[in-house]
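Asker: Residue strings, one per chain:
Number of protein chains: 2
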Amino acid sequence: MHRPRRLPLLLLVLIGLLPAVARAQLPPPRFPSPHARPRAGVGGGVGGGYEFETRYFRQRLDHFSFSGEEEFFQQRYLVGRAGGWAGPGGPIFFYCGNEGDIAWFAANSGLVWEAAPRFAALVVFAEHRYYGESMPFGSKEKAYNSSRSMAYLTAEQALADYTVLLTDLKRNLSSESSPVVLFGGSYGGMLAAWMRLKYPHIAVGALASSAPILQFEDIVPDTIFYDLVSNDFKRESLSCFQTIKDSWKELDEQGNGQDGLLKLSKTFHLCQTLNTTGALSDWLSSAYSYLAMVDYPMPSEFLMPLPANPIKEVCRNIDKQPERSSILERIYAGVNIYYNYTGTVDCFDLDDDPHGMGGWDWQACTEMVMPMSSSEGLSMFPPDEFDYALYADDCVKNFGVRPRPRWISTEFGGHNISSVLEKFGSNIIFFNGLLDPWSGGGVLKNISDSVVAIVAPLGAHHIDLRPATKQDPDWLVSLRESELEIISGWLSDHYRARGGALFQRATNDDSAAS
Amino acid sequence: MHRPRRLPLLLLVLIGLLPAVARAQLPPPRFPSPHARPRAGVGGGVGGGYEFETRYFRQRLDHFSFSGEEEFFQQRYLVGRAGGWAGPGGPIFFYCGNEGDIAWFAANSGLVWEAAPRFAALVVFAEHRYYGESMPFGSKEKAYNSSRSMAYLTAEQALADYTVLLTDLKRNLSSESSPVVLFGGSYGGMLAAWMRLKYPHIAVGALASSAPILQFEDIVPDTIFYDLVSNDFKRESLSCFQTIKDSWKELDEQGNGQDGLLKLSKTFHLCQTLNTTGALSDWLSSAYSYLAMVDYPMPSEFLMPLPANPIKEVCRNIDKQPERSSILERIYAGVNIYYNYTGTVDCFDLDDDPHGMGGWDWQACTEMVMPMSSSEGLSMFPPDEFDYALYADDCVKNFGVRPRPRWISTEFGGHNISSVLEKFGSNIIFFNGLLDPWSGGGVLKNISDSVVAIVAPLGAHHIDLRPATKQDPDWLVSLRESELEIISGWLSDHYRARGGALFQRATNDDSAAS
Chain V
2 MHRPRRLPLL LLVLIGLLPA VARAQLPPPR FPSPHARPRA GVGGGVGGGY EFETRYFRQR
62 LDHFSFSGEE EFFQQRYLVG RAGGWAGPGG PIFFYCGNEG DIAWFAANSG LVWEAAPRFA
122 ALVVFAEHRY YGESMPFGSK EKAYNSSRSM AYLTAEQALA DYTVLLTDLK RNLSSESSPV
182 VLFGGSYGGM LAAWMRLKYP HIAVGALASS APILQFEDIV PDTIFYDLVS NDFKRESLSC
242 FQTIKDSWKE LDEQGNGQDG LLKLSKTFHL CQTLNTTGAL SDWLSSAYSY LAMVDYPMPS
302 EFLMPLPANP IKEVCRNIDK QPERSSILER IYAGVNIYYN YTGTVDCFDL DDDPHGMGGW
362 DWQACTEMVM PMSSSEGLSM FPPDEFDYAL YADDCVKNFG VRPRPRWIST EFGGHNISSV
422 LEKFGSNIIF FNGLLDPWSG GGVLKNISDS VVAIVAPLGA HHIDLRPATK QDPDWLVSLR
482 ESELEIISGW LSDHYRARGG ALFQRATNDD SAAS
Chain R
2 MHRPRRLPLL LLVLIGLLPA VARAQLPPPR FPSPHARPRA GVGGGVGGGY EFETRYFRQR
62 LDHFSFSGEE EFFQQRYLVG RAGGWAGPGG PIFFYCGNEG DIAWFAANSG LVWEAAPRFA
122 ALVVFAEHRY YGESMPFGSK EKAYNSSRSM AYLTAEQALA DYTVLLTDLK RNLSSESSPV
182 VLFGGSYGGM LAAWMRLKYP HIAVGALASS APILQFEDIV PDTIFYDLVS NDFKRESLSC
242 FQTIKDSWKE LDEQGNGQDG LLKLSKTFHL CQTLNTTGAL SDWLSSAYSY LAMVDYPMPS
302 EFLMPLPANP IKEVCRNIDK QPERSSILER IYAGVNIYYN YTGTVDCFDL DDDPHGMGGW
362 DWQACTEMVM PMSSSEGLSM FPPDEFDYAL YADDCVKNFG VRPRPRWIST EFGGHNISSV
422 LEKFGSNIIF FNGLLDPWSG GGVLKNISDS VVAIVAPLGA HHIDLRPATK QDPDWLVSLR
482 ESELEIISGW LSDHYRARGG ALFQRATNDD SAAS
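Protein chains in written order, with the working numbering: chain V, 2 to 515; chain R, 2 to 515.
So here's chain V without its partners, still in its complex pose (with noise of 0.2 Å):
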């Protein structure tokens, strides 16, 4: 096991708290967050085509106290025009809002879009509060000042804030009687399955794409995030897979070599010269892992500019180099499709992290704690062991918070989730796609008739949400539909139960995207 060393708070914090192991020689997985601001503007705008509306809510900063001294935010939210909507009564789809930008999460969760017209549905997507414009305080500086101001930035909050905001939508909409639907990709997922399972009375139900609810604890082996990165690597090649494996070795002794660090620098293209290997390492295995969350099988923006099956071409580039090529000239060549798959980079800058989200590693600090670690067998990453009690000072030390890892498992649950929602709870589906090494912390098994799981084992990081695309293989149109024929199947139980089809339904034709 490497040791684990320190890094000065900066680095810390722009590769995030995540795992203990960041500080080996492992980059922190994190969920895909935007890294642009938002193309829409305020007060109406167009993500990825959509065409919304942008709202503000006066919305409580503490559901759960009453000190008498109340705070309020504005909580930015997104509706789509009305035009589409069957009126009051008629179905709303609610897209519960990750770490980040709303307008970014919109323009890439075309499936709401895309569908609601087909169940005449309103569009609603709601940002997390402290994300966006959706700050406490009235600035993000105000909001991200000190563990007192940041105290509220929890997914308890947010699912209330969720609730509280529906509740207050659908009054003055005169529509208490609308069924609403979840949507959510990621840690957003995560939040649609839980609002579900927490607020029954909220919604019908939930499509909680590559929700990883169970990598708490030791639900699930804490080595399977990158057990499931480094796969998608070798079933594209096993000599990619162990090229990249070889080069951490390789890394740390060039890196401690004369002029080591210079050179790996000028190998690596970097704008400033190293201080340690360990930032270079990071970067690398930073976008291994990003690969593996957006392998899809068509060209994306979701993260970076990318083509289909990017681990593919990465491997492909790892592969194909000249026979004389150095480990580290393959590497380079790799990674090259992730960090410059436009050729406009001239150098790259590792402190500019485009994803970074203090929020996150807040969050991470303080209820999302996810142990990762790498096995010795199954991974190309370096190994390491996942080591609580350093994780746990350093978030002391620089958020001047302690974590509680066992909270998330204490409220919503996770040990037996089979047994407990076999007879507890309905109406959710959980998608995962096999190729995200989120998926090992997903729900893969049907549990009951209707907490249902969808697997595609070539899909990644939420593909259901994406945008239809001309591309679309098969599987993922038909998966698409089958989430759909459930919804479908919610939508229609609530207005049968209420004696009568409220809504129009369209003819599946017209649900195709545009």
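Incorrect hints may have been included.
As the list claims (entries may be wrong) - Calculated cross-link-like contacts (lysine-lysine; reagent style DSBU-like; alpha-carbon spacing at most 35 Å):
1) V:LYS235 <-> V:LYS267
2) R:LYS143 <-> V:LYS143
3) V:LYS199 <-> R:LYS143
4) R:LYS446 <-> V:LYS171
5) R:LYS313 <-> R:LYS446
6) R:LYS143 <-> V:LYS171
It should be emphasised that the hints constitute simulated quantities derived from the structure, not laboratory data. Model, not experiment: these values are computed from the prediction.
Add chain R to chain V, keeping to what the hints say.
Answerer: Just chain R now, with coordinates in the frame of chain V:
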């Protein structure tokens, strides 16, 4: 409608803040709660003859935020002598403490103790935060100091307390797989039902006795409570009902006459001369409401020492007075049964509120807003309408907090509860006795196969939970048996799913009360 008048703060606190009508003619309906300190000492004791150990758990004050300034308090809980427990993996019967000293609820919830041996279950009674000995900040004085210190007195925090306590307790007992059955009566019953819904992974089922989870907003008519109290008197004697109904005008007229307050004070044997007739009206109304709650068919000392069928006795006393008796003399004779059944009281002190609970006043001013009106037609109480604006203003004035009248139904549901729970949730018994005025806010119909209502037409407030007595009518013995059969089914399901019967089950005969 009577114009609400403002009472001085002291009186307001004494009579509680529940309905605005309290400030007109009606006292606040409250749940029964302990009027005396527990009989059990620290470290162990016998409450109602049940043997337990007193323990304390270091509980987190705020489960839902992470300010970095962690506050903890000592939460008291009682654990039955473990001799009868099946051991690790065996059932745990967990009582969700109400708004009062837990030893009192333990002494008055005999069913839990008496049923435990039959299932070889471990008995745990957990005290609710801010009550009894479970005081944040080290003392009641400090805990009740201000809205800042009381901020965390909420149902959600209490549910999280129970969840965290149970999770820790099971771990310490190496008994993580133990099935937990929740019990609770009155507010404790609401907590038991909500806990089953919010934390299904913690408990396999809940017996929610006399839990008015629908007594919020407009879910049930706001006149139902006083109508039910009135009906309890009407069914015993129409003339008794009419005498009480006529008495309010009589009270007002006498109070307004020459030396009226002095005369009233003499008629009612008050220790001190009245300042207003309102205080006397409240004292009378309060007695009627409590009488309806504890209208048990056997003698009890739950709130006051009372005979069997106390309303029958009250009405008999009212009706049997000599014909020349005035209305108020009859009324005095009636309430004497409630306030002075033992005949030891020389004079009555209206300020002496044996059921005072500042904590519940706070809860009523934050989450627990239960609108209460008195109807012109069916009620024997003076007509009055719930005035929310006034209610809220008084909460601000007295506690520095503004209520959130819609929060409970937003957080826990309530509207259309049948359709929500028909397809969601399982394993809850809602017991209600129809003599109990709180049954108006209860679940009185089966919702699904496993979310069921047990209704006792002749039962009062959580009579099922009371210790068994020789005088118990057959219907009571039989409905307790039905409840235990259902609970037995939950436990069997649990063990069957785990492939074995780990707990010893005695024969039914063993379960008879000793």
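Asker: Check the hint pairing LYS235 of chain V with LYS267 of chain V against an upper bound of 35 Å on the C-alpha distance.
Answerer: The hint holds at about 28 Å.
Asker: With a cut-off of 35 Å on the C-alpha distance, tell me whether LYS199 of chain V and LYS143 of chain R pass.
Answerer: Holds, because 33 Å separates the two Cα atoms, which is no more than 35 Å.
Asker: Would you mind confirming whether the straight-line C-alpha gap from LYS313 of chain R to LYS446 of chain R stays at or under 35 Å?
Answerer: holds (28 Å)
Asker: Checking one constraint from the list: CA of LYS446 of chain R to CA of LYS171 of chain V, max 35 Å. Satisfied?
Answerer: holds (28 Å)
Asker: Under the criterion that the straight-line Cα-Cα distance not exceed 35 Å, is the pair LYS143 of chain R, LYS143 of chain V satisfied?
Answerer: holds (31 Å)
Asker: Tell me if the straight-line CA distance from LYS143 of chain R to LYS171 of chain V falls inside 35 Å.
Answerer: Given pair LYS143 of chain R, LYS171 of chain V is violated - Cα atoms ~41 Å apart, limit 35 Å.
Of the hints listed earlier, the one the structure fails to meet is number 6.
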